[in-house]
Amino acid sequence: MAGERNDTAQARRFRDAALPHLDEVYTLARYLLRNVADAEDAVQECYLRALRHFDTFRGGPIRPWLLAILRNVCFATHRQRNSGEPQDAVPDDAVPLWRDAAPTPEALMLRAHDDETVRRLVGALPQDYREVIVLREINELSYREIADVIGAPVGTVMSRLARGRALLRAAWLEAEETVR
Amino acid sequence: MRCDEAQVLLHALLDSELDAGQMRDVEAHVAGCPRCAAELASFRELRTRMSGVALNYAAPDGLHRRIEAALPVASAPALRAVAPSRRSLLKGFALGTALSAAAATGVVLMVMRSDRDQRVLRDVVSAHLRSLQAEHLTDVPSGDRNTVKPWFNGRLAVAPPVVDLTAQGFTLLGGRLDTIDGKAVAALVYKRRTHVINLFVGRSASAEHSPLRADMVQGLNVGRWSDQGLSFIIVSDIDSGELQEFHVKYETAVRAGA
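Protein sequence lines, in the order shown, are assigned to chains A and B.
Here this note's numbering is used: the first residue of the first sequence is 28, the next is one more, and so on.
Here this note's numbering is used: the first residue of the second sequence is 9, the next is one more, and so on.
Simulated from the structure, these hints should not be mistaken for laboratory data.
Some hints could be false.
Over 12 Å on every C-beta distance to chain A, these chain B residues come out as not near it, computed from the model [unchecked claim]:
1. F51
2. E76
3. D125
4. R127
5. T155
6. L164
7. A165
8. D223
9. V256
Label pairs and their computed distance ranges (CB to CB) [stated by the list, open to error]:
10. B:S248 / A:L137: 42 to 48 Å
11. A:A197 / B:G177: 45 to 51 Å
12. A:G178 / B:G249: 28 to 34 Å
13. A:G182 / B:G70: 39 to 45 Å
14. A:A139 / B:A213: 43 to 49 Å
15. B:Q141 / A:L137: 34 to 40 Å
16. A:D142 / B:R211: 47 to 53 Å
17. A:E143 / B:R73: 24 to 30 Å
18. B:D12 / A:G178: 23 to 29 Å
19. B:A264 / A:R138: 48 to 54 Å
Given the structure is predicted, the values throughout are model-derived calculations rather than measurements.
All C-beta atoms, glycine included, are put in the ideal place defined by N, C-alpha and C.
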């Protein structure tokens, strides 16, 4: 039947458009859920949902669309698990943007860390900051695309990135001290 | 610019997310503020360090296979079909988490937004191409802003700011009425060397100022911003640098009341 043929063609279009981004979707899931098994479940659920709703996708970049679905799936997992918001949610104003003292030139030198250490530092950031850092630094989305994924204004993306990077830098310097 | 603003905007500077005007403002502040300059250098270093490590994860083969198996290839079950075929489609997936209504709504909202976005982009590009093909570039052909601006009176609910940018390398050719996303808008036509620039001006949903947002559609550069209740969209085949230049010069001239 013609209807079935269309659906098959659509499924194939979905596959061609969405499957190449599997690693990226999985990466965001790993950072959001911080657990291999949950991340795999969430990615499967994401692709299933995306396929079902593919007729509502009107072209343009598919990554923000796909990552937004993944994010919703991850939060649903959190809600089920914790019956509430992710526990490390921190209000925006609880994190100082400024460090108390002006950084000295010595303090500005950041040592290189290995992959595993940096993954751990990013993974330890509070949820709101972790997701924008991952979407920007790893998925390399534009601010507009990040805003679409997290459903917040671009201004919020900008301020969360600023605070997120400040937190990451502090954690980075702290990790250096424990290494020394 | 105050330090607390610069502290946020320097990240947008690092990410190349600022328009030319904002970029100048942040750079000017940083040049005169050792503390913000140190912050910028520090975050630039953080960025360099981060780009030196692999932070992405590769999806396990098993996951890849399971998802692939669930996507129909040839004689696959229909997606919007009845229960049995949907169940067979589901088989490849572990039965994942059920989505809450709120999560589902989030997806729909996002899809609707990008939907409208695509429609507007498509409309402005066809309006631009139409204006070139149909020899209907202008309803009011004039290089004089004092002729073009009053022409829109009574024809539109908005008064588009018409500025003369001849000295800056963009010649005003005139104006016309056009339709974008089902709404009447003003089209101002400028020329840069042999390139035509259509600037569409319509009413904006918000009074907020938003920076230039650039896209490329069918090989044409499209730039969008909004200011004081008006939304602006430029379409042209000039390159993105010149498009940005037009945006800066147009906004500067409008602010100066030129």
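Hints, verified against the model:
1. F51: violated, 6 Å
2. E76: At about 7 Å from chain A, B:E76 fails to clear the 12 Å cut-off, so the statement is violated.
3. D125: violated, 7 Å
4. R127: violated, 8 Å
5. T155: B:T155 clear of chain A: closest Cβ-Cβ about 37 Å, beyond 12 Å.
6. L164: Fine: 28 Å to the nearest Cβ keeps B:L164 off the interface.
7. A165: Given that every Cβ of chain A is farther than 12 Å from that of B:A165, nearest at about 26 Å, it holds.
8. D223: violated, 9 Å
9. V256: The claim holds: B:V256 sits with its nearest Cβ about 19 Å from chain A, beyond 12 Å.
10. B:S248 / A:L137: 42 to 48 Å: violated, 33 Å
11. A:A197 / B:G177: 45 to 51 Å: Hint holds: Cβ distance 47 Å, inside 45 to 51 Å.
12. A:G178 / B:G249: 28 to 34 Å: holds, 32 Å
13. A:G182 / B:G70: 39 to 45 Å: holds, 41 Å
14. A:A139 / B:A213: 43 to 49 Å: For B:A213 against A:A139, whose Cβ atoms are near 47 Å apart, the range 43 to 49 Å holds.
15. B:Q141 / A:L137: 34 to 40 Å: Since B:Q141 and A:L137 have Cβ atoms about 56 Å apart, the given range 34 to 40 Å is violated.
16. A:D142 / B:R211: 47 to 53 Å: Distance hint for A:D142, B:R211 holds at roughly 50 Å.
17. A:E143 / B:R73: 24 to 30 Å: holds, 27 Å
18. B:D12 / A:G178: 23 to 29 Å: Taking Cβ atoms as reference, B:D12 and A:G178 lie about 26 Å apart, which means the hint holds.
19. B:A264 / A:R138: 48 to 54 Å: holds, 49 Å
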